[in-house]
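Colleague: Once you have looked at the hints, place chain B on chain A.
One letter stands for each residue in the lines below.
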Amino acid sequence: MFDLILSSLVFVTALVSMHSKKTAISGLFFVTFGFLSGLLWVRLGAPDVAMVEIILGAGVTSLLVFGLLKEGERKSTPVPTGRKLWAGILSVLVFLYILFFTLNIEKKEGLRALVYESLAFSGVNSPVTAVLLNFRAYDTLLEVGVITLVGLSIGMLGFSRVLHTWEDDLLRVFSRAFLPLAAFFAIYLTYLGTFSAGGAFQGGSLLAGALIFLTLTGHRLTVSQPLSVLLKVLAMAVFLGFGLAFAIFGDGFLTFPQSLAALSIIFIELSIALSTALLLFEAYRGAR
Amino acid sequence: MTDIYFNLSALLISLSLYYFITAESKFKRLISVNILGSAVFLFLITTAKNTPSGIPDPVPHALVLTGIVVAVSATALAFWLHTYTRGKGKED
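Protein chains in written order, with our numbering: chain A, 1 to 288; chain B, 289 to 380.
For the record, the hints were derived by calculation from the structure and aren't laboratory data. Some hints here could point you the wrong way.
Said to hold, decoys possible - Some chain A residues near chain B, calculated using beta-carbon distances under 10 Å:
(1) 84
(2) 99
(3) 105
(4) 151
As the list claims (entries may be wrong) - Below, simulated DSS-like cross-link-like pairs (lysine-lysine); rule was C-alpha separation at most 27 Å, straight line:
(5) A:70 with B:314
(6) A:75 with B:314
(7) A:108 with B:337
(8) A:107 with B:337
(9) B:314 with A:84
(10) A:21 with A:84
(11) B:314 with A:21
(12) A:22 with B:314
Owing to the predicted nature of the structure, the values given are computational and were not obtained by experimental measurement. Note that the Cβ used here is the ideal one computed from N, Cα and C, for glycine as well.
Here chain A stands alone, though its shape is the one from the complex:
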C-alpha cells in the first residue's frame, strides 16, 4: 500500500513537472520529485543513495534548475506535431518493451554474496563503501576525475553570479553559526561510511550544502584561486597517489593490501569529502 502511494506521488510530481507550461510550477514540482525519489531509495533499501540523492539530486540540481527559470519562461518555441507523433510512438514502444522485459524477470542473487564474503578483507564494514572504495575503486577514481574536470572547467570560466539572497538577518547569523556544526557532522558522516550508511560523497555534499546555505543568506565566500585549485585536485592526487604507491610497492594499481586497507580508505574518503565539498559548492556559485 505504501509502495502504491509513494509510486503514485513520484509519478504525479514527475508528470506535472514535465508537462506544465509555467516554469515556476515545473521547478517546484521538480524539487518535490527529488525529495520523493529520496524516499524511494530508502524504501528500496539504499540509504547511502538516498542521502546523496536528497542533497545533490533534490538540492543542488534544483538550485541549478531554478537558475534557468526566467529564461525558460521567455524562450519557449512551439513544437511541430510530427515530432510529437513519432516521440509518442517511441515512448510507447519503450514503455512496452521495458514492461515485458521486467514481467518475467527472475530473482537473482547477483554479486551480493561475493561482496559479503569478501567484506572482511576490504578494511571496512559497510558493503557499499567496500564496493565503492575497494572492490570497484577504479570506477570511483574515474568518477573523482570527472568531477575534478568539471570543477576545473567551471573554475576556468572565471565568473560567479548571485542567484538569490534572503534579506534576513537572523538567517544570516544562523548560517554562519551553523557552518562549523555542519562541517563537523560532514566529517562524522564520512567516517560513518566505514561501518554504516554514509561515506565520502555524503559528507562532502553535506558540507557543500552548508556552504551554499551560507551564500544564499548573503555571505560572500571567496576562495583564492591557488587554494581553490589545490583543494579541487586534492582528492584526485591522493587517490592516484595511493593507487600508484600500491602499484610500485604492493600487489598492483589500487590493490589495497589487507593491513593497510582501512587506513588508506579513510584517507582517500576524507580527501574526496573535502574536494567534493568545494567542487559542488562552486558548481552552484561559479568560480571566484
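Modeller: Only chain B this time, still in chain A's reference frame:
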C-alpha cells in the same frame, strides 16, 4: 514489491523520453533529462533489490551513487557553459 517499482521506472523512462524530445525550452529539456536519469537509477536499484533473499545487492548501489554525482556535475557544467555563452554572468 519490486513489480510496482519496475512498472514505475518503465513509465517514467518512456514519459521523460517523450518530454525530452518534445521539449519547448532548454529548461524543460533539462528537467526531463534529470527525471530520465532518476528513472534509470530507479530501474538499477530495483534490480538490486530483486534478490531471492531480499537483501539488496550493493554493487548497483555504488553504481547509482557514482551516477548521481556525475549527473549533477554534468548539469552544473551545462548550466555554466550556457550562462557563459549567453554572457549573463556578472563579473564579481
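Colleague: With a cut-off of 27 Å on the C-alpha distance, tell me whether residue 70 (chain A) and residue 314 (chain B) pass.
Modeller: The hint holds at about 11 Å.
Colleague: Min Cβ distance, residue 151 (chain A) to chain B: is it shorter than 10 Å?
Modeller: holds, 8 Å
Colleague: Less than 10 Å between beta-carbons is the criterion; does residue 84 (chain A) satisfy it with respect to chain B?
Modeller: Residue 84 (chain A) check passes; min Cβ-Cβ to chain B is 5 Å, inside 10 Å.
Colleague: Taken at face value, is the distance from the CA of residue 314 (chain B) to the CA of residue 75 (chain A) at most 27 Å?
Modeller: holds, 8 Å
Colleague: Next pair to validate is residue 108 (chain A) with residue 337 (chain B); report whether the Cα-Cα distance is within 27 Å.
Modeller: Distance of about 10 Å is within 27 Å: holds.
Colleague: With a cut-off of 27 Å on the C-alpha distance, tell me whether residue 314 (chain B) and residue 21 (chain A) pass.
Modeller: holds, 13 Å
Colleague: Given residue 105 (chain A) was flagged as interface, is its beta-carbon under 10 Å from a beta-carbon of chain B?
Modeller: holds, 7 Å
Colleague: Are the Cα atoms of residue 22 (chain A) and residue 314 (chain B) separated by 27 Å or less?
Modeller: Within the cut-off at roughly 14 Å; holds.
Colleague: Are residue 107 (chain A) and residue 337 (chain B) close enough, with their CA atoms no more than 27 Å apart?
Modeller: holds, 9 Å
Colleague: Can the restraint linking residue 21 (chain A) and residue 84 (chain A) be considered satisfied, given a maximum Cα separation of 27 Å?
Modeller: Since the Cα atoms of residue 21 (chain A) and residue 84 (chain A) sit roughly 16 Å apart, the hinted pair holds (cutoff 27 Å).
Colleague: Verify the interface restraint on residue 99 (chain A): the C-beta must sit less than 10 Å from at least one C-beta of chain B.
Modeller: holds, 5 Å
Colleague: Given the hinted pair residue 314 (chain B) and residue 84 (chain A), is their alpha-carbon gap at most 27 Å?
Modeller: holds, 17 Å
Of the numbered hints listed earlier, not one is contradicted by the structure.
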